[in-house]
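Residue numbers (our numbering), protein chains in the order written: chain W, 191 to 443; chain V, 191 to 443; chain G, 191 to 443; chain S, 191 to 443.
Please keep in mind that the hints were generated in silico from the structure rather than gathered at the bench. Keep in mind the model is a prediction, meaning the values are calculated, not measured. Zero decoy hints are in this set.
It does not matter which identical chain is meant; a pair holds if it fits inside one copy or across any two.
Within a straight-line C-alpha distance of at most 25 angstroms, the following computed SDA-like cross-link-like pairs (lysine to any residue) qualify: (1) LYS331 to ALA207; (2) LYS267 to TYR298; (3) LYS348 to GLN247; (4) LYS229 to LYS387; (5) LYS322 to SER253; (6) LYS301 to ILE196; (7) LYS322 to GLN247; (8) LYS260 to THR284; (9) LYS195 to ALA365; (10) LYS338 to ARG257; (11) LYS205 to ASP330; (12) LYS336 to GLY252; (13) LYS331 to GLU198; (14) LYS418 to LEU318; (15) LYS339 to SER253; (16) LYS368 to ILE236.
Number of protein chains: 4
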Amino acid sequence: MKDSKIFEISSKKYKDAYLIVGLPGIGLIGKTVADHLIKELNAKKIADLYSPHFPHQVFMTGSGTLRAIKNEFYHAKAGKNDLIILTGDVQAITSPGQYEISGIIVEYCKKIGVKTLITLGGYSSGKLGDNKRVFALVTDKELIPKLKKLGIIFGKAKGSIVGAAGMLPIFGKLAGLKGICLLGETHGAYVDVASAKDLLIALSGYLKFKVDLKQMDKKAKEGEQMLKKIEEELKRTMIQTPEFSKQDVSYIR
Amino acid sequence: MKDSKIFEISSKKYKDAYLIVGLPGIGLIGKTVADHLIKELNAKKIADLYSPHFPHQVFMTGSGTLRAIKNEFYHAKAGKNDLIILTGDVQAITSPGQYEISGIIVEYCKKIGVKTLITLGGYSSGKLGDNKRVFALVTDKELIPKLKKLGIIFGKAKGSIVGAAGMLPIFGKLAGLKGICLLGETHGAYVDVASAKDLLIALSGYLKFKVDLKQMDKKAKEGEQMLKKIEEELKRTMIQTPEFSKQDVSYIR
Amino acid sequence: MKDSKIFEISSKKYKDAYLIVGLPGIGLIGKTVADHLIKELNAKKIADLYSPHFPHQVFMTGSGTLRAIKNEFYHAKAGKNDLIILTGDVQAITSPGQYEISGIIVEYCKKIGVKTLITLGGYSSGKLGDNKRVFALVTDKELIPKLKKLGIIFGKAKGSIVGAAGMLPIFGKLAGLKGICLLGETHGAYVDVASAKDLLIALSGYLKFKVDLKQMDKKAKEGEQMLKKIEEELKRTMIQTPEFSKQDVSYIR
Amino acid sequence: MKDSKIFEISSKKYKDAYLIVGLPGIGLIGKTVADHLIKELNAKKIADLYSPHFPHQVFMTGSGTLRAIKNEFYHAKAGKNDLIILTGDVQAITSPGQYEISGIIVEYCKKIGVKTLITLGGYSSGKLGDNKRVFALVTDKELIPKLKKLGIIFGKAKGSIVGAAGMLPIFGKLAGLKGICLLGETHGAYVDVASAKDLLIALSGYLKFKVDLKQMDKKAKEGEQMLKKIEEELKRTMIQTPEFSKQDVSYIR
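Extracted from the complex, chain W is given alone in its bound form:
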């Protein structure tokens, strides 16, 4: 296998579907949302993506089977829309890998009838605490007003987005698709379920579908309690929280 390849399980076509991308990244926010959607919307797997740019490893499962490292596409109906949800174990960690994989994902999207790509990720501000914002970046300015109405913030996220969350909308645009990148504000150094929940609320508001948040609430509460303890510990020991470096974020978690 010299090239990344998508193995289709279903060959169904959709009309004006949305690709929702939640791959491992900052705060594991995108993947947390994608996993939640797949479970709560009872999504069905429609394709697997294998790539020579993923690690040359396989997982050993508890039942004694081998599980490949890959990305997966799922389909679910959410309100009136067809959602294609992309998630997986890893992202490619090199430029040639990201470019190659982004290319075949967009090609696949065009083939099955996706019209808009929505990538989900984290924006690490290095801050702890509540009142975290949801940022968006778009490929076409006409997409902004509807997102702004939902309280999503434009023009305040700065710098660059590394990996699929940024690359896929750009590749989509080159192929005539629309692209939105939703970023949940997060510290960056831990899995942030609370920020993932905010992102999911924004996404479901934008696409007008309902999704049960109970499981996410539960996990977010657990996470917050753990963080409070860490914060108190930090205050007591008078060590300031270090600014989290975006450069050091590992893609594979």
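Fit chains V, G and S to the known structure of chain W by using the hints.
Then chains V, G and S, alone, in the frame of chain W:
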């Protein structure tokens, strides 16, 4: 040579043959079994595999000839079965290399009539001493009962398998072949002939063929005596045996 | 996207046009000249170049849109000549990347009617102060006399040129085009607008076109004042200016 | 340019020609012999080899022109034989690079009528002093007797040969050509003209041609005098000559 390539010496086809893979890896267990099988079953070479993902070096032999770094396929009849034995000097050490080579190996397998891939490797538990286990992982659950009857353990090996021992069964499955990965428990930091012998007994039990173990017994005994000395030395100097890190295992020995 | 690709906006052909290459490099001299030319000559974009050898990142703009990392081709009429100006965010940082991209740039040049490639870069001599020289290197000796008349120096720049400034003239020559590399002498450790201005004067002298230098004068003066402060500081603290290493120059600024 | 490519200057075909390969490597022995042959036999350039696996740099010459980094093929008549001499600025430093380039060199050899590849290199024994040996390795045992008669030693050089000196005979054999690798014994840490001279004598003895050695004698004497000084210095300071590590040898000098 831009792509890995298999140079066939024989073009014979087989029926429902088994590919037995013993390449360099943890404890050199897979390669030890493969080398023993080739010798004891008087296997004949049927193909060579060259790859730009192998080192750009050649060996100087004692007779003054040059020997390429490569992988080799051998054929032997073992009981009622045709075994294709794959061994070699190295494995590729990058993901693109492993993916490319796995792809052409599986393609070759399909062409010559292999139906099941059995990869052999080591599982480093960092423990010294006897009573080491043989683990198996499979691509299809229906393969488990027959292996369990031979005392092979399922669901206890944890983590991931790096390299060909894990990749080939996965690639085989994508091509419609069955895959079994047999792992001999080992410390990980030395060549473990005793564990290789256990693996060979499991393999020959599964495929119902006989193989002379005298040479392996002899080498295993030598290895055990050397290890006992090391253990005694360690006890005397009160230094605990360090936990062996799977991450640090070099592929090329 | 496995291969670098040029996306054409205009398909117009030119006659005996000049490609002016100002990509990021030593002293940011080439890019400074290219950016100035695009602005002052009111150049129009004619193509974008995307490459898997560029970073897998996208920029977030102040207006909330995503901007790809890429190279861009512009066209402007300068005096009697058609200039195609190539600039961008980055250069490829690997050999395979530079070779691939140089290849498609030269192919594109031939297609749209470019006959001469003029690359712009910096030559880091590690010296501060005025009276910096403009060096040139050419693919054909017959190009030398006309350049010498403009005070451009030959045979004094030593060593090798890393990246597009050196590679493109060589690739152009293999395709039957003429190539000139103009290098502005610079310290190497800072953005040198004064040296960029000297280069622009040499270029406009060679191609006989007029360009407003006011904006460049202003920026150069600001830069010089900042440098004077640094020099005075260095003298006071008695620390000698370190020789700037060409090896350490990062391509991406 | 995605692939390495040979640009032919002459399209002449030969009969049973010899390829003599002297690229940069241990002790610069191969390149020293090749450069001497090109000069003394008045060889004419017949082709250039460019590769994306060579550095993305170009040299600035004293006359103000740009010179690409490349490999070059020359032709000379030596006695009754046609010699094709391959030399150059660098070797590829990665496996994919060496495999790709070896492949196109052997293809070119077959096309122009080369029947035997003779690669020249150094064998670093870490020893100083005279009485250095010439070793040979071959692809076919039938080549040994004639070489042994010339005092060339077989079976004493140990380990592996990194790079073109080892790879080309192996690739040649896969294509049906004969291969000889001649290695001059050398310390490894300096340019060894004396060892290059021994290699040239062996080569000219094998192919029965005459070549003027005056220039080489002169350079070798200069080198020996410099080495004697170093040896005396080492003895005086009682520092033992360190064993030279083959691993650290840089390909590009």
